[in-house]
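Residue numbers (the working numbering), protein chains in the order written: chain A, 99 to 630; chain B, 10 to 306; chain C, 823 to 1137.
Possibly wrong hints are sitting among the right ones.
Here are the computed distance ranges between Cβ atoms for each label pair [said to hold, decoys possible]: (1) 869/C with 461/A: 38 to 46 Å; (2) 388/A with 843/C: 35 to 43 Å; (3) 951/C with 468/A: 57 to 65 Å; (4) 470/A with 55/B: 24 to 32 Å.
Hints are computed from structural coordinates only; laboratory data are not their basis.
Positions of the beta carbon are idealized from the N, C-alpha and C atoms, including for glycine.
Listed below, chain by chain, are the residues.
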Amino acid sequence: MRSRVAFAAGTLAAFVLAAAPAFAQKQGGTLKISHRDNPPSASIHEEATISVVQPFMAAFNNLVMFDPNEKINSPDKIVPDLAESWSWSPDQTKLTFKLRSGVKWHDGKPFSAKDVKCTWDALIGQEEKSELIRKNPRKVWYSNLKDVTVGSDTEVTFVLGRPQPSFLSMLAAGYSPVYACHANGRDMRSKPIGTGPFKVVDFKRNESIKLVRNPDYWKKGRPYLDAIDWKIVPNRSTRTLGFVAGEFDMTFDSDVTFPMLKDVKAQKPDAVCEARPTNVNANILINRDAPPFDKPEVRRALVLAIDQKPFNDILFEGHALYGAAMLPPPAGFWGMPKEMLETLPGFGTDIAKNRAEARAIMEKLGYTKDKPLKIKVATRNIAIYRDPAVILIDQLKAINIDAELDPIDTTVWYNKIQRKDYSVGMNLTGGGVDDPDTAFYENFHSSSDRNYTAYKNPEVDALIEKQSAELDRDKRKKIVWEIEKKLAEDGARPVINHNVANTCWTPQLKGLVLQQNSIYNGWRFEDVWLDR
Amino acid sequence: MAIIDHEAELHRAGANITGWRSQLVFTARRYPLGAVGAVIVLTFVFTAVFANFIAPFDPTSTDAKASLARPGGVFWLGADFMGRDMFSRIVYGARISLAVGLGATLMGGILGVSIGLMSGYLGGAVDLLTQRLMDIMQSLPLLVMALVMAAALGPSLENTIIAIAIPLVPSVARVVRSSTLSLREQPFVEAARAVGMGELRIAVRHVLPNTLAPLIVLGTAQLGSAILVEASLSFLGLGIPEPYPSWGRMLSESAAEYVRTAPWLVIFPGVAISMTVFGTNLLGDALRDILDPRQRS
Amino acid sequence: MGSYLVRRFLLMALTLFGMSILIFVMLRLVPGDIADILVDAAGIADAKEKAKIAKELGLDRPILEQYGQWIGGLSRGDLGFAYVSERPAIEEIAPRIPISAKLTLMALFFSIILGVPFGVISAVRQNTALDYSLRVISLSGLSLPSFWLGLLVLMASVHWFGTIPIYTNEPRGFLQEVGLLAIPAAVVGFRSSALIMRLTRSSMLEVMRQDYIRTARSKGASNTSVNYNHALRNALLPVVTVIGIEAAFLVGGLIVTETVFNIPGVARFLVEAIRWRDYPIVQNLVMLIAFVVVTVNFLVDMAYMVLDPRIKYAD
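Whenever a hint applies, use it, and build me the whole structure from the sequences.
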C-alpha cells in the first residue's frame, strides 16, 4: 500500500521500530520536552499553531481520530476516540456518533453528548452567548455544518447541508477536541480541562507547561507516563543544547533544521531523528490589482524567474518537497503525481530558458538591467518568512527587478495583505489536516474569511465545491489535481516548496509515531513510554 | 594647593611645539591609549564610508554552495546560513552602526543643547518644567527607555535613531544647563549684554562655545553607548530590520541558530561592535583629559 | 531637613506620575494592539472577533478612562489583568521579581569586589604597566555588549563542558541557585565593575592629591596606611553613589542577559510583554523599574547626606 511507504529512506527504520508490537511498556517517568515559544493560549479551538496543539492535545479527546499508529493520515484510517462508532444517513448528510459512556472530565463531571453539541455550536456560531471561545480560526471548516442534535446522553448527530466526505477527516484532526459545556473560555485558555490522558496542572507564561497523568482516564492502562514537562526556551541553540545535554528527552516538533541535524547527530549519536513535512509551504503572493503585476505577462515573468532549487538547497539542504497547493505524494495523500507536476509553470527544469523568456518580457516593457523595475517584497518579520524572501529578492535580480525587503511587523501582516497594500509578498501557508476541503476552502474559495489575498475565480470556486461533495475517491483526486493546476497557471500563490524539518528524541522514548502528513496530529502521548 | 612649576607644566602641555604634525605626534605620545582609540574610530568611519569599495561581495547576495562556509579562502570571515559573505556584511554593518551612532548622538545632542540652553538661560517656569521632564526621562535606564521608544515607533532605521536619541537628551541638557547657569553670570556675558547684544545671540555666540568641551567628551561617550544600544535593540529584534546588515541583528540570528555549528557567525560581529565601542571609549577618555582638565584621571 | 524630605518625596511622586503618563501614551502609539496579536496568532483577521476581544479587554473605551482605571487600580494595589494569560498581573509579575532582584544583587556584589580593589590598585600604581592594563580591561568592560559576552560564555561552556546551565524554576537548594545565577550575574556585573573601577581610581587619585593626605604622609604615616586608611575611606564616597545608581541601571543589562541565559526574570518579561502588546504588564513593569530607580536615587542622596557632613540642605 502506497501510503505505508515512509517518504524518506532514513525514516524507515524509525517507522518499523514504532510499528513493531509494543511489549513490556514501562509505567512512570516524566517526559521532558523543549518548547519554542510561549503558546498564545491553551485553547486549541482558538489557535492555529503547533505551539498550542503539541503540548495541549494530550489533555483532550476527539470524537474520532486518525489512527495514531499509522504514519500517514488517511480518510481510510480513522479510528474511534470518544465516539465508539459512527454511521452516515443514506443521503450522506447526517453523521451519527455513538458515544462512550462513563467518561469523566478532569474536574470529575461526567461527559455526555451535550458537550459535543456545545463545542460545535460554539464553532458554527449557533450559540451567540457561548463563552467557550472568543476566536474561531477554523470557522470555514464547518461552513457546511447546519446543526448538531443530541439523541441521548450517548448519541449525537451532525447535520450537514450537503454530502461532505471530508467532514470526518476534519473531526479526526488534532484541531478538533471536544470541549466541556461547563467550561468557560478563560479557563480553557489558561488551564483547560478535557477528558484526555493528561491533566494540565500549570501553564506558566514564557516558562513552562506541566501536565500530569489523569488517573481516571477512560482508556485502561493508559497513559504510561506520570507527567510531561514542557520548558519554554525561545532560543533554538539553547533548546538544541538542552536536548544534546540530556535536559530534554525530545525536541519541539520540527525544531531541528537540516544544517543543525549533523551537529545533533554528532553530539548525540544515539538520538532518533525523523524528517517530515511541516505542513507548511512557502509561496509567493502577487497583488494582481495593482501595477505592474496587474499585467498577466509580468506575473508570468515573475513565476518564470523562480528557481526552486536554491531555496531548497539553502533552507533545507535539498530535503524540501516540490509540490503544488497540496502536499505531494508519497507523504501527502492528495497531491498530484510528479509527472503532472512537472508540466506546471515554474516547475520546469530549464531555468536559464525560463529566465531568458522572463527577461525578454521585462525588456519589452522597458525594464532593463540599467533601468530595473523597483519593487518591495513584503514579508512577516520572522526568520522563516524572511529567509526565503531574501533568496527571492536575489533571484529577481536576474530578470531586471530590483527588489527591496519590506519586513512587516507580524501584528499588521494580515491587515496589510487584506488591504492589498503590497506588490509581492513572501508567504507561508499551513494546513491543519492533509485534506483538500481545508486547504482549498481556507485559502482559495472566494467566500472564505481566511482567503486574505481575496483570490477570486468562479471556475475554481465551482471545482472546489464539486470535489468537496464527490464521494468517489479517485474521481475526487482528479478534480483536486485540476484545481491545483488551475491555481498554478493562474499564479495564485505560486508554491516554492513544501518545508521539511526534523524532530529528535532520545532512544529511551518509545511508542511515539510521527504523522508524515500533519504535524498537528498524533500528540496524545498516551502510548508513549520511557525505557529507564 | 602646591606651587605649580609653570615652566614645566607648559612644556608638558606642549606649548613649545609648533606645526600640526609634531603636535599630533606629541599628543599621540602623551595619550597612547587615546591614539589607539582614534585609529580605531578612524578605521571604523573609513570602513563605513567606503564600504562599497572595501567589501568584496554584495552583502545581500545569497549562494547555496557557500552556506555556512568556514572562515578562510574566498570568504575571509566565513559565510552565513544563506551563503552571504560575513566580511562584506560586517563592512556594510559599519555603515548602519555609524549612521545610528552618529545620528542618535547628533540628534540627542542638538535637542539636548537646545533644551539645556533654554532651560539654563531662561530659568523660571521653563527651567522648572524642562527639569521635571528630564527627571521623568531619566527615571528609566537608557536601554529600557530606548526599548519602549523603539517599540512605540516600530522597526526602521530612522525610528531606531530617534528611539536611541531621545533617551540621550537629558544628560546633554543637564550638562549644558549647568554650564549655562554658571556662565550667564560671568563678566564677559554681562559685558556682551551691556553692549546691547540680543539674548539669543549671547546664548549661541558666547555661552554655547564655552560648554563645548564637556559636550564633546559627553558626545564621544554617547556615541559608544548609542552603538551598543542599537546592537542590543537589534539583538532583541526591535531595532534595525533585515535588509540592513546590522551587527546586532546578525548576532541575534546566529546566536539563535549557530552558536555550535558556526561560531564564527557569533564571534565576528561581536568583535566588530566591541572594537568600535572600545575605540570610542579610548578616544573619549583622551579627549576628556585634553579638553576637561578638571576631570583628568 | 524635614521640608527637604517633603520636597524630595513630592518630586518623586511627580516624576512617577509623569512616567505613568509617558508610558501609557507611548504604548498606545505602538502599531497594533493585543487584539491584533491574538487574532494574528490564530492566523486570521476577522474584524468581528477582533472587535469582540478589544471590547472584552476594554480597549474600545476612551484613552482617558483607560488611564484612570489603571491609575485608580494602582493606587489600590490592583495591577489589573494581564491580557495574554488573563490572570491578575500581580500574579505574573510578583514571582519574577525575586529572580531579577537576586541577579541584580549578585551582579552588584561581583562588581564591587572586582571594581573597588582593582580601582585602588590602579590608582596607587598610577601610570605603571599594571595601571594601563587594568584601565584597558575596565574599558573593555564598558565596550563589550553584555549579550555577546554572555554568548561567548555559553559557547565556552559548550566547548569545554559540553553543556550549559539551563535555568530551572525549582533550584535544588541555595548552592544550585547561586550556581545558576553566578555566570549571568558576572556577565551583567562586568560592565558595572568596570565603571566602579574607573570611578574608584579617579576618586582615589583626587583624594591622594589633597592636602591632608600630604600632611599625613609628611607626619610619617606609612604609604600603605595612608593609602588604605585615609585615602580609600574618603574616596569611597562618590563610589557609593555610583554603586547605588548602577544598582538601578543594571536592569538595562538584565534585559539582554536574561534573554541570553533564558532566565524568567522581570527584564525578559518586559521585552516579551512589549512584543505581545500586553499593556497591563508593560505599564506596571515600567513603573516598577522607574520606582526602583527613583528610590535608589533618593537613598543615595540620603546616604551622601549622612556620610558627608559637609553637605547641608538648608531649605
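Results of checking the hints against the structure:
Range check, residue 869/C to residue 461/A: about 43 Å between beta-carbon atoms, so the 38 to 46 Å window is met. The hint said 35 to 43 Å for the Cβ distance between residue 388/A and residue 843/C, and at roughly 41 Å that hint holds. A hinted range of 57 to 65 Å for the beta carbons of residue 951/C and residue 468/A is consistent with their spacing of about 59 Å. Checked against the hint of 24 to 32 Å, the C-beta distance between residue 470/A and residue 55/B comes to roughly 30 Å, which is consistent with it.
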